[in-house]
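Chain by chain, the residues:
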Amino acid sequence: MPIQVLMPALSPTMEKGNLAKWLKKEGDKVKSGDVIAEIETDKATMEVEAVDEGTLGKILVPEGTADVAVNTPIATILSEGEDASAVNEPAKEASKPAQQQKPAESAPPAEPKKAPSAAANPPQPQVQPEPDVPEGTEMVTMTMREALRDAMAEEMRRDPSVFVMGEEVAEYQGAYKVTQGLLQEFGSHRVVDTPITEHGFAGLGVGAALAGLKPIVEFMTFNFAMQAMDQIINSAAKTRYMSGGQIGSSIVFRGPNGAAARVAAQHSQDFSAWYSHIPGLKVIAPYTASDAKGLLKAAIRDPNPVIFLENEILYGQSFPVPKLDDFVLPIGKARIARAGHDVTIVSFSQGMSYALKAAEELAKEGIEAEVIDLRTLRPMDTDTIIASVKKTGRIVTVEEGWPQSGIGAEIAARVVEHAFDYLDAPVTRVSGRDVPMPYAANLEKLALPTVADVVEAAKAVCYR
Amino acid sequence: MAVAKSKAQQPDAARRPSDKAEDQTAAPVADLGKEQELAAYRDMLLIRRFEEKAGQMYGMGLIGGFCHLYIGQEAVVVGMQMALKEGDSVITGYRDHGHMLACGMDAKGVMAELTGRRNGYSKGKGGSMHMFSAEKGFFGGHGIVAAQVPLGTGLAFASKYRGKDNVSLTYFGDGAANQGQVYESFNMAKLWGLPAIYIIENNQYAMGTSLKRASATTDLSHRGAAHGIPGERVDGMDVRAVKAAGEKAVKWCREGNGPIILEMLTYRYRGHSMSDPAKYRTREEVEKVRSEHDPIEQVRLRLLQKKWATEDELKKIDAKVREVVNEAAEFATNDPEPDPSELYTDIYA
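Line by line, the protein sequences give chains E and Z. For what it's worth, this note's numbering labels the leading residue of the first sequence as 14, then goes sequentially. For what it's worth, this note's numbering labels the leading residue of the second sequence as 122, then goes sequentially.
Bound-form chain Z, shown alone (with noise of 0.2 angstroms):
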């Protein structure tokens, strides 16, 4: 019985972006206007090459300990971001860089906290798992598996007891899913009608495991099933679905409904971590993701055929995000490490 049930959900469980596109549920995609679209692959080409950088400074050993690129899955963060307003949080896990640029943190406080110097947003403290940043309703960056579930919750817990409307983006991994607080937190964010975004980033390995070897049903937008929160699967590459699917769930909490899954459908080219041999699927696997789903190239191709930009001005783009990125990773260098008396600072306030 399990294995005939296993290869009924093989498609399913081994699918990658480029399998999806007919069976999404969701509803066709709205297109975004031209500044949108400009802003969107700006944004998702800063996070790019930033992650670019911070792995070629991780191989100069500038930046140490672990460090996990976000390359692949820069449609989520961007896209969610869009149906943000001011007051409500973020919150996801260690792969957080793309998460920060996409709040609005500086590229030169979160590069200087990839090397661990006394201008990174947590003074070298925290290092490339643990950022924070108040200003930007940013809440970490957390290095244990799935404890940012619970403490989404709680932040979610906190806009409706002031009486809010500001909703909490909650951010994991496909790995993260199978988690039990997870579910402790699903219960309760039902039960108390919290405005919580659980947003399932499913790049389709935790690690080296790929989704099905790790989880007995695949389809993890129905995870929240049990407790009767709705899910919906998104195309994490193409950031118009993301952005669209995001209002929706953000729409839904603001009006009081409780909490809302959106599991993203997406991918990432690198390893797990700087250290990842990645045996665990082939380089053709990540070439075609790359080749044909790319979520800036989409962008980048709407934008020609809508002449929208010229090649010309694209690259200008290119070459202003280079040049923050360089200047990020400059200071990152330059900057002194933290002085030896913050070891025994920011333990009790």
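The following block holds chain E by itself, in its conformation from the complex (with noise of 0.2 angstroms):
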């Protein structure tokens, strides 16, 4: 029986990749270790290594392909006496386990040091237009990835203070490749690789603040910026109130946050609470490409401390981004994603992915739900959730970090302290559970919330 050959996944995150190029033609003998083939993602080139021994029987996928899905049957190897002839119909076997092949060792690393990557490329999310934009700009489709790292580059381009640092951010071009091509743009100088000591080199961009450079802190993600935490809360956030108003730090400290996939505990989880909890800080945490390309242009220039929150799962994914000179979204100002009247539902970052997609569910059963993109969650914007509320009467929020003194539980005290009387239903949260991050993939599941969970929740505060 001939071996199938499947797309491997390069990372937990991974659904599909390229085929770039066969490194074996039909015919050829191979044996356990060699390269067949490549495999391209958006974010880094792999080497495919044969697992079994034998002779290349037919190659199922033509090099070029785009878009192949992980676990597609890619090639067939024949055992000895075998030929090609005897594999017809190999997608039968398409459902098995990816276990005959790894990517090799010798590629190059795709796995930042601390955390798997993303490749994914899942179905491009629904996002209304973007409202602060001016009717009939045009609109080009980007990655989340490419919109930050265009932020990046414009604001350098226009400030010469403006610098990143952080670990990887430069020769190998980002460990999530946001900051790809800045290197080549700005040299060393402007973009500059930290050894991993998240507390020395955010206390080290702090400084670099107080003198009044521009820094751009990429943490390679936000959980080991709790390393980081002290400089970012007692040196950052608060210098400028104990200097009386004389010296603060204009400073931005991004990277991806929240839960990524099967990466367990230690790095997966939300800090949005966190930080909006600082007097002195800002937080942002976009959704689209578009809020994340004009938000982290408005961070940068911000005088204050920024904390600029990404989500793995969202770089690879696309949105249309308004193709302007200068495109810069005013911080503190929530977007109304989708416009309703019989419930609200308000999130951030990648809870907008359940929150847009139950509100379609809830749309078929005939309840318009007003969909509210925070965008920013401190300073948070009151007004558009309030206003909203007065309209629906109900409210429900939804956030993947955990429920207590969450970012849904603020929302509900100030729905309760601005706007009880509009009420017909408790404030209700969908939140991640209440416990650390399992790695099982069912538990991990059973630990972040649903679109089903979100739906539930609208319909609840619906009586419906």
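If you are wondering where the hints come from, they were derived from the structure by calculation, not from laboratory data. Careful: at least some of the hints might be erroneous.
Calculated pairs, EDC-like style, for lysine to aspartate or glutamate (alpha carbon to alpha carbon, straight line, at most 20 angstroms) [unchecked claim]:
1) E:K34 x E:E51
2) Z:K437 x Z:E418
3) Z:K441 x Z:E173
4) Z:K155 x Z:E418
5) Z:K311 x Z:D286
6) Z:K311 x E:E181
7) Z:K333 x Z:E406
8) Z:K436 x Z:E156
9) Z:K427 x Z:E158
10) Z:K311 x E:D206
11) Z:K369 x Z:E207
12) Z:K285 x E:D172
13) E:K251 x Z:D467
14) E:K251 x Z:E463
15) E:K336 x E:E167
Okay, the calculated bits of chain Z under chain E, using three or more residues with CB under 8 angstroms as the criterion [as the list claims (entries may be wrong)]:
16) 247-259
17) 428-438
Where a beta carbon is used, it is the ideal one built from N, C-alpha and C, also for glycine.
Quick one: dock chain against chain with the hints and give me the complex.
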């Protein structure tokens, strides 16, 4: 029986990739460890090694094929005595787990030091047109990753005091490829690879900001920023106040935040509520590439320390982004992503994907949800939330973080303070479960909010 | 083994300024000129009298919270300041009053901040441990032990980024020298060749813990060895030695040689803070340093010996300094508290 070579996954979040090149021809002998093909994702190129010995029988997916789903059979390997005609219907086996291949160990490492990569290209989210953009503006499709890179590059061109520092931001081109190409354009003076020393380089960045530079400090993920928490809060957030307004720090701390995929408790945590607690910080958590670009540019220009929370799962997703020379969005303004009158759903970052899908489901059942994307968590746009609740009388909050003292808890308090008399149902929170993130695939799913959770909560507050 | 090692190190670990003169590695100390000696005398005396006054005002309840006095350590900041030029920066921890006065910050503004009044350097919102002067290149005033070390390294980074030859003086104590972020900073400073001068003010006690009880190795000038950063031990009670070491270090940094460490052997006469009962050392120990190695007395005696000043002239300087300090105290006592509206200002720009 011929052995199928399946499209491998390079990371837990990868769903498909491009088959860039075959390095073996049909009929070539292969043995375990031979590199037979190269595959690409939007962030890395990897080699596929054969795990079995034999002859490359049939190439099922020709080179140059884009978007090959993980676990699709891409070739067959024939054992001695078999011939290629033995394989005509490989698809039947396609659902087997891809245990036959592994990415070659000699390949350029795509894994960042402490966390796996995201290379997913899931279905494109549906987002309302950007209301902050002049009518008739041309929109271009780009990934979140590209939008963030463009925002940094534009601001670095504009202001020589802006520089980027962090682990693997320069020569490696970014652990998640967000800083791709910046080193080539701006040089090592302004794109600075740091040692693995979060506490140290966060503090160094704040010091440079106190002296008037405008650092963009990338944390490979915000999980590692806990090591730097003292510098972020005690030095960056409080100095302007403690100096009576004399000295502040214009600094952006950015990087992926929240749950990734299958990386367990220490690498999957949402810090939104933590940072939003701190006076002196601004906190941004965008969902769309357009918001990410406009808000990151605003964050870099802002004279205050800004925590810019990205999401690994969203990096590879594409969104329409306005083609404007200088697209800057206001910090502190929420966006109504979908208008509705029956129930308000408030979310941010990756939570928006649940919220928007839930709104579609609800619409099928005749419930028109108004979905608000907070975009900025501090200062929080209470006015937009309250105006919506006064219209709908019902509100559901959605976040991936933990429930206690979370963003949803804060929204609930504000709604009760400002719109109590308008409420027709209790404020309801959908959040991550109150547990450390488990590794097992089924448990991980259970720990995160789902579209169904949001639908259920929305129906409950509508008494449906 | 551990015991043997600790015994071998004891003379060094227990070293007080009185013990150290014979094994100083530094070159013979160059004398100061008349004007420099007089300036050093005046500047150190200002810090001494200011701190004595702050101690009194704390006792009267005019100053609240924590208050860490610099008495005994005056030669360190005054000597280092003599080596600086316009555009250099200074940053330190919470024992910061002396640094601010040495940087040329106004005694009234500093004292008014101690009393939490509206004309204090931070409008009364910072207090003893959190004061800044952008104008004088003083970047605080930081209350978290060793947090100023990465920050000071960042100031050095900014200088280099802008292509300037200015240096960053980062002061910290023997206690802070055991914090991890110090070594994270050392690594980056050396890696990137930053103009950072790390000044370890070794006053022998981290709060109540003596150096030998807290540090596996007690020669702190060697703390950069793992990163290839040169270090020097300096008699921090002798303003001439401090100035000489400071000038050498500043030259080293300005010429682009990267960071350098100066361990200043010094001594604080008062407790760690005002509320320190000081049970960890004897009265005799303090008295011995005070009577034999006082930094101000050393200058005073030289001025008299060289006949650069008479007792009367020195008394006049003292009277002038007292006047400045009394004015500051009066100002800080009568200045109003901040307006309640200031509660919500200066959080964001």
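Verification of the supplied hints:
no.: 1; hint: E:K34 x E:E51; verdict: holds (5 angstroms)
no.: 2; hint: Z:K437 x Z:E418; verdict: holds (16 angstroms)
no.: 3; hint: Z:K441 x Z:E173; verdict: holds (15 angstroms)
no.: 4; hint: Z:K155 x Z:E418; verdict: holds (16 angstroms)
no.: 5; hint: Z:K311 x Z:D286; verdict: holds (16 angstroms)
no.: 6; hint: Z:K311 x E:E181; verdict: holds (19 angstroms)
no.: 7; hint: Z:K333 x Z:E406; verdict: holds (16 angstroms)
no.: 8; hint: Z:K436 x Z:E156; verdict: holds (17 angstroms)
no.: 9; hint: Z:K427 x Z:E158; verdict: holds (11 angstroms)
no.: 10; hint: Z:K311 x E:D206; verdict: holds (14 angstroms)
no.: 11; hint: Z:K369 x Z:E207; verdict: holds (17 angstroms)
no.: 12; hint: Z:K285 x E:D172; verdict: holds (18 angstroms)
no.: 13; hint: E:K251 x Z:D467; verdict: holds (9 angstroms)
no.: 14; hint: E:K251 x Z:E463; verdict: holds (15 angstroms)
no.: 15; hint: E:K336 x E:E167; verdict: holds (13 angstroms)
no.: 16; hint: 247-259; verdict: holds (count 6)
no.: 17; hint: 428-438; verdict: violated (count 0)
Consistency note: the structure conflicts with earlier hint 17 alone.
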